[in-house]
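Q: Hints in hand, dock the two standalone chains.
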Amino acid sequence: MRILLVDDDPDLRAQVERVLSGERYLVEMAGDGDEALEKIFAEPYDVIILDIMLPGTDGFGVLKELREEKIDTPVIMLTARGDVEDRVQGLDLGADDYLAKPFSMAELLARIRALLRRGGNTAHPVLQVRNIRLDPKSREVTRDGALIDLTPKEFLLLEFLLYNRNRAVSRFTMAEHVWGDAFDPFIMSNNIDVHIKNLRRKIGDDGNEIVRSVRGVGYMIKDGEE
Amino acid sequence: MKIRHRITLWITFAGILASLVLSLIVFFEMVEEPYELLDQELARQADALISNLRILPKGPASLAANRQHFTSPYWLRIIDRQQRTIFASELVATVDIPVRNTDEGYSVNTDIPLRKIFPDMEEDDRDELTAFRVRVFPFEYSGERFVLQIARPVENFNQETVELFTTIELGLVASGIVLLLIGYVTAGRILAPIRRINAIAGTFNEKTLNIRIPLRDNRDELDELAASLNAMFDRLQYSFVRQKEFVANAAHELKTPITILRVSLEELLQCDTIPEKERGGVEKLTQTVLRMDRLVRNLLDLSALEMDRTQGRENFLLNDLVREVIDEFQPLLQRMRIGCTLRMEEAMRVWADREQLRRLFINLMDNAVKYNREGGEIRLQAVSRDATGEVQVLLFNTGEGVPAADRDKVFDQFYRVEKSRSTAFGGSGLGLTLSKRIVELHGGRIVLESKPGQWTQIDMALPILSRS
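Chains as they are written, first to last, in numbering that gives the first Met the number 0: chain A, 0 to 225; chain B, 0 to 467.
Treat the hints with caution; some may be incorrect.
To be verified - The calculated BS3-like cross-link candidates involving lysine-lysine, where the alpha carbons are at most 30 angstroms apart (straight line), are:
#, chain 1, residue 1, chain 2, residue 2
1, B, Lys-450, A, Lys-196
2, A, Lys-221, B, Lys-283
3, A, Lys-221, B, Lys-276
To be verified - With the Cβ distance kept under 7 angstroms, some of the chain A side facing chain B (calculated, not the full set):
#, residue
4, Gln-14
5, Val-18
6, Asp-183
Treat the hints as calculated values from the structure; they're not laboratory data.
The beta carbon of each residue, even a glycine, is placed where N, CA and C say it ideally should be.
One chain only, chain B, in its complex shape (with noise of 0.2 angstroms):
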């Protein structure tokens, strides 16, 4: 899950959770406030019954007569020991309230409807159901103990709670949702500068290490962050060039020795005096001598073109290039009874580096000539894609390929797919290392696909043609 998804669902769940409890606390004052209010009051008028009754005993209860109004408009019953009912106000008749052994309060809901109890209501209530506030108290006269039981009708609070419920629930939903626009509009501030961060850091790479993140100076941790990755860039920036540099360097102290050893064995072969079972010897150590200056150069070559610095672009017909270097390699195809054949369209014109592109094909026809195998096929197809002003080159071959888990390894320095092998033919394993940063240097893509022990295929695209 994105940051910004979590940001948002986090600051989305923490207002909700907010307000639900706020809601609650609401709604339960709200619930519980006109219960307790009615409890005194049935609290009082229970006190005030107690204090002006008159039992008679083994009879009925009466009140005194100026304290008649009391019962209305509450429903009230006096029970005795024997559960007699010795006293009732008028509503006891129309409605049956049980009594529960208990101090508190409680709600008894009827089914009928307000209007029976107060006719005289007003008409938007009038056919809602009656509930009931009950109260019992216990007390004690002339030595006998009586339960006293009170209540009020009150307007049936469960649909007014309900109303309110459904009301907060709404409400929180729509919090919700302005909490998640809020969460989701917030977390995209917080996180722009982190986007903008990471798309900088994203373009660096081995040919942009002099980009940096512009800093803004507020001092803030994602400045802090901006500084760090920058410091890391310095650093990296750093290793690449002294990299570059000590392998261009240690190529370059090489030559001297090596131009001493091949020019000192080259001599000692001129000599017919070498006995003849030194002599094999002498070659192979020339053998290898050559292996090795031709190492060096194209380390050199390699390090020229890692640090950029040779791209001189020219108008040519790529066709030309494609045939001149194909026809080098004619006596050793018809050697090795290789077919070849060369499929272009016409007349593609491109600008590029022409030395470059020469030794490109150079290097992969090279490749598929000395991977291939005898009376093997070689076929080269080449097609522009004016859209993208690419030329699209496909080098098919017949050779041994590449298994599978190597295939973006063939493009590594050294890589070798079959050391003896390639090793027999003189390659430096860096041919197709070259050939990538030729192409990378032009702006294209190239990839190398296989079906080991049947056939590969370099798949390469440049974006090199000439706009006419």
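For reference, chain A alone in the conformation it holds in the complex (with noise of 0.2 angstroms):
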């Protein structure tokens, strides 16, 4: 999987470059619109992770450039916080989704992820650790494939979790995941075990072995096989 990452700040690229690359994915990184759309037009990329404010021609411009010669990459785009004009712009313009800065590696895992289940592998759009499914399309959880009832908060949570498998996910990031930014996380945070506690009964996890406790930052799951 090939990632392009378009920020200013090149602090920012290599860590987050450093991540990504952890994760296997193959990273290629521009510092201005320019050096990004030049990086486009050369060769294909399953996901592109645009920032606004850009010296030169900025994410919008990018964007619409690139809309505008029908490449359909995915693209995130990393917005200003609270400003819901840029959010909509970058919408209209074809953004796929959008992340505000500061944001957490889990939350921007999590959301590549789903872009590239959306995009290109469409065959296996599932979810699965062990004998647990899960259709990020659907909505649906299934186990041993009967269907289980989760609430829509536990859902969230599994399938974060299964966004981010393998790493350990904070009870604070899952809180921002989950509520949002106009709840509390540190207050919410409080919260995450209560749901845990009943996504773990929910889905038959007994001894804890699917949603795996991490002390000190808390939860992960932890299955190589899909």
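A: Next up, the structure:
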């Protein structure tokens, strides 16, 4: 999977690149809009992560140009916070998702994986761990083929952990993902344990082997098989 | 005292003072003038008398026969050195007038009606009492010293004087009233432009930075005042905008470094290889970065709200929104064994920015939980006030409360009642500031009431009811 990361801050690029490489993505980087366009037209990518504020051609300009050239690579925009107009403009121009800085790596990874599934691999959109299958499209979870009734929050948590497979995800990041920005994740992370307990019960994870607790961090789903 | 009243009083005071001086001059002139004329007449008469006198040695005096008429209507008496009367006119028998040793004329009042002295007087003045204007002239006659006392009966001026005085006083009162009225109207006219300027300047605040006072271009003092105020508004507006931009820019610039820190630390925590004793430090560091993250997000939200950028109003049921928010807090409430009662009027349909209102209720509930005690209580009550189109919300909790002195400060940026406690909960110190701003953007009011150590209550009124 090839990812193009466009941001003008070299430190941020380096940091994100390190994590993405660790997740076995092939990462190319661009520091401004024009460099990004050159790379996009030179070779295909599976996902483009595009900051709006760029020297030269800005994020919107890049997005507009590549959509005009009928390149429909999924694009995640890195927007300014609270800027509804930015978000609307980005989505109007054909961005697939947006993420506000400061963001967590877990959130970025989840978004990338969601986009990758939505895009190329439509044949296998289902996430699976052991006997549990989660279909992000129909929003259904089955255990050995039998439907499990999850609350929206339990579903979001399971999906988030599955997208971040083999990574420990903190309660704080989970709270951010589930409740969004309006709630204080510091407060809401106290609720995570309750929801995880219910989730474990529903998916029959008696020995806490599917959703594992990671001391001092949070939770993790560890399993290679899909 | 209002300036209008002060100007009125000054105008009145100055006017009355001027009238008083004028009337005093007139008064004294009118009172003194007749006496001066009388005194001159008496002096002339006395001269004529003295030059026509015949005084016998050691005997009575007599006037030349053809000068008899001089005595009428005068009261005349000539006294020699032994105080004997050596000449007296007819009137002396009727009235006794004391002699004073003076060059000036003086007045003596009697209780004799005028008709006794002037029997052929006109009807209307007959009952008035007689007064005498008296002068005393010493003179010498063939080496002897005599004193001529001459007086003329006049109407009693006292009464006239009192009448004159009363008239003048009435005039003064009347002019005082007129002056008051004129002063009041004039002051009003002088102050009218000031009132206009004040009315506009009074509405100037951080939300109406664009207003300016219209100038009349007549370059008078008030126009200059208006121009100065406008210039001040310009500078204020500039600083306000600059300050808001600064906050927004500063927060904006912090986003990338915080993202880097956050991503790095989260990655560090993924490693199983961190030595156990360093792990606590990394976790602590992560918490701190997350708090910074939160702070920057809230700052950006606040500056977006400050710049009035986001208001997308829609029609929705407030009941649903409040229930949704409270539901999210349920596990937390159970954990802290906090009892939460919700009393809401049925079906309150409102016209408001849903996201902002959601945020508002989340922030307020967040505080009600965060600062509550184990086993405490939260009561949320929402009713509609159809008369004002307002929704009134009371959110009561058994939290620590706020000292009375700080009750208004809780809505200030970065205010915290108890620093350590709210930091432990990760509060950014901007929650209530954001809440207040949202309430203001919806044209509402929010206040905090509290009994320290026992309870805290948020009381807010939002004029957002939909007209159905």
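Q: Run the structure past the numbered hints and jot down the numbers of the failing ones, going up.
A: 1
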